[in-house]
Amino acid sequence: MTATVQAGREATGGLDIRTIEQFLYREARLADEFELEAWEQLWTDDAIYWVPAGGDDPNTQMSVIFDNRSRIGLRVRQLNTGKRHSQLPRSRMRRVVSNVEVIGTEENGDTVVEANFVLVESRVRGRQVWAGRYTYRLRTVDGQLRMSYKKVALVDRDHDLPTMSFLI
Amino acid sequence: MTLTDLPRTGIPYDQLIEPSRVHGSLYTRQDVFAEELAKIWYTTWVFVGHVSEVAKPNDYVRKNIGPQDVVMTRDAEGEVHLLLNRCAHRGNMVCEADKGNSSSFRCPYHGWTYRNNGMLAGYPYSKGYGGKGQLDPVTMGMGRVPRVGVYRGFVFGSFAEDGPSLEEHLGAAAGEIDRLVNLSPEGEIEVSAGWLKHRAKANWKLLAENETDGYHPQFVHSSIFTVADSGIGDLYADGAESVTRALGNGHSENDLRPEFRRLGKPMGWFGTTENKVPKYVARMREKYGEAAEKLLIDGAPHVMIFPNLFIAEIQMFAIQPLAADLTVQHVTAVQLKGGEEMNRRLLQQTVGSVGPAGMLLADDTEMYERNQAGVAELRPEWLDVRRGLVRERQDENGFTIGSANDETGMRGFWAHYKELMTKGAAG
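Going down the list, the protein sequences come from chains A and B.
Just add 6 to the spot in the first sequence (first one is 1) and you have our numbering.
Just add 7 to the spot in the second sequence (first one is 1) and you have our numbering.
Everything labelled a hint here was simulated from the structure, so no lab data went into it.
Quick caveat: nothing in here was measured; it's all calculated off a predicted structure.
Hints are not guaranteed to be accurate.
So these bits of chain B aren't anywhere near chain A, every CB distance computed over 10 Å [as the list claims (entries may be wrong)]:
1) Asn92
2) Gly135
3) Lys204
4) Ala235
5) Glu248
6) Ala298
7) Arg351
8) Leu354
9) Ala380
Reference listing, derived: stretches of chain A covered by chain B, where coverage requires no fewer than 3 residues with Cβ under 8 Å from a Cβ of chain B [claimed, not checked]:
10) 46 to 55
11) 156 to 166
Ideal Cβ positions, reconstructed from N, Cα and C, are used throughout, including at glycine.
Please build the complete structure, drawing on both the sequences and the hints.
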């Protein structure tokens with residue numbers, strides 16, 4: 007029994023699954039509610055935020071989003087200007103994060119977690135359902151859980167997509 | 008009776024398009040859209056793709072001309088074909104993969120096979136047709152876009168059997184493609200990054216008109232100009248030396264060279280300096296000698312090639328109309344052959360700017376959709392395109408030019424549109 011728990015802890019890089027889930031839910035809520043500064047603080051300094059289009063290599067293929075930490079900050083600041091027309095008025099959104107699965111650890115010790123999501127977006131001109139699989143890399147920095155990587159693999163990524171300038 | 012309540016046939020385009028205004032119904036009516044498909048999209052030269060997308064013999068990739076599903080193939084001899092994705096037997100879709108490499112296609116419905124030049128190769132249980140070789144491989148082959156034209160690697164197709172050649176259609180716009188391709192140290196660009204597809208609930212003409220509209224950036228893109236160090240706004244500001252040019256045949260450009268020349272710095276057009284990309288600059292000088300300085304200062308074009316190819320410096324857009332109020336923008340980053348040092352920068356800058364979450368294009372597309380909603384309102388019926396008429400002039404080559412933020416390009420677009428739409432009209 008003890009051995010099983012140990013193995014579980016090992017696989018999650020020492021993180022408790024409940025702690026991981028609480029982090030994912032918080033991240034989802036902050037994005038849904040445009041709590042932009044709090045959301046931005048969840049990222050590590052070396053963060054990558056990636057929404058693939060069709061390709062699997064963001065360094066050679068087009069992506070919907072491929073932000074390093076500095077561009078994540080720029081994205082947040084642009085939303086904060088109050089002049090980002092594609093988010094005026096802001097989308098109302100709620101997403102469900104589920105099927106949370108700890109996949110393993112990276113060489114640098116980051117914990118790799120995947121989860122499914124469904125997001126319903128209500129905009130002035132219509133409603134849109136987004137769905138896909140999140141991949142996160144999580145790391146404890148100064149006692150706080152942070153994400154160094156978030157990949158959003160949309161089920162629709164091969165097809166034409168409507169504007170999505172919110173945080174997905 | 009207003010022009011909005013026109014009869015359902017015989018749309019009088021000459022009354023709906025005036026030199027300084029165009030009628031709103033041109034953006035909303037499905038019958039106008041159907042007529043545009045016939046008279047523009049299935050007649051004139053339309054950009055389809057790039058030869059590098061079918062680089063090797065037997066490569067193929069799915070493309071489109073408006074709603075038409077077109078398979079671009081390269082046969083074993085190297086020739087590029089544009090085939091319609093439809094079996095000659097029962098009309099089933101022949102090719103379901105987005106891309107691949109194959110010398111033939113097999114229809115999954117009854118097993119008919121086609122060579123990648125479109126010719127019928129075989130049909131199972133041939134006795135039912137009197138044996139093998141009884142069906143004509145051409146008339147019973149896949150449908151094809153009858154004319155395929157390639158200009159410096161850009162592949163265009165025309166459904167018209169006869170008509171102006173691709174070179175005649177491109178006219179002065181060919182020089183803008185040259186400017187882009189000449190930024191490669193090997194004189195070739197590559198389309199290797201794949202296409203991002205962004206849907207807009209808007210008429211395709213709103214996109215085409217906006218591409219060389221220098222009036223909107225300060226307003227539509229003020230959010231990104233506020234937080235990023237972008238020089239784009241200044242290039243189009245009142246007082247900028249840039250010009251908007253109608254290039255003929257509906258093509259137009261924002262010619263930013265006067266501003267880049269004023270700056271006079273190699274790579275200034277890309278917002279960088281030559282010491283950031285030394286290998287690229289060295290290779291350009293090696294290839295072009297003294298001419299390299301001009302290329303490196305002038306930079307890439309900003310040109311809208313009628314009806315669907317938009318080259319925005321380092322990005323290429325293909326506009327695909329699907330309905331009066333539905334358009335897909337396909338966009339990719341230009342990759343310069345021999346310019347490896349530049350290519351990742353070109354890709355990253357493009358990805359940041361374009362597409363559904365792009366820091367520029369998300370807001371352009373927001374405007375397209377609001378504009379589409381707006382033009383459906385009944386009054387006032389017209390869209391105004393007079394901006395700059397008071398200061399328009401001819402350049403040394405006889406092209407009409409206006410200031411950087413004038414609507415000279417739109418007026419050129421509409422003049423050509425009107426010509427195509429009224430061609431062959433009865434009385």
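Structure-based check of each hint:
1. The Cβ of Asn92 (chain B) lies farther than 10 Å from every Cβ of chain A, with a closest approach of about 17 Å, so its non-interface assignment holds.
2. With a minimum CB-CB distance of about 38 Å to chain A, Gly135 (chain B) clears the 10 Å threshold, and the non-interface call stands.
3. With a minimum CB-CB distance of about 4 Å to chain A, Lys204 (chain B) fails to clear the 10 Å threshold, and the non-interface call is violated.
4. At roughly 6 Å from the closest C-beta of chain A, the C-beta of Ala235 (chain B) falls inside 10 Å, breaking its exclusion from the interface.
5. Annotated as non-interface, Glu248 (chain B) keeps its C-beta farther than 10 Å from every C-beta of chain A; the closest such distance is 27 Å.
6. In this structure Ala298 (chain B) is separated from chain A by more than 10 Å, as the shortest Cβ-Cβ distance comes to about 30 Å.
7. The Cβ of Arg351 (chain B) sits about 6 Å from the closest Cβ of chain A, inside the 10 Å cut-off, so the non-interface label is violated.
8. Annotated as non-interface, Leu354 (chain B) brings its C-beta within 10 Å of a C-beta of chain A; the closest such distance is 7 Å.
9. Remark: the non-interface label on Ala380 (chain B) conflicts with the geometry, its nearest Cβ contact in chain A lying 7 Å away (cut-off 10 Å).
10. Requiring three or more residues with a Cβ within less than 8 Å of a Cβ of chain B, the coverage given for the segment 46 to 55 of chain A is violated, as only 0 such residues are present.
11. Beta-carbon proximity to chain B at under 8 Å applies to 3 residues in the segment 156 to 166 of chain A; the threshold of 3 is reached and the given coverage holds.
Of the hints listed earlier, those the structure fails to meet are numbers 3, 4, 7, 8, 9 and 10, in rising order.
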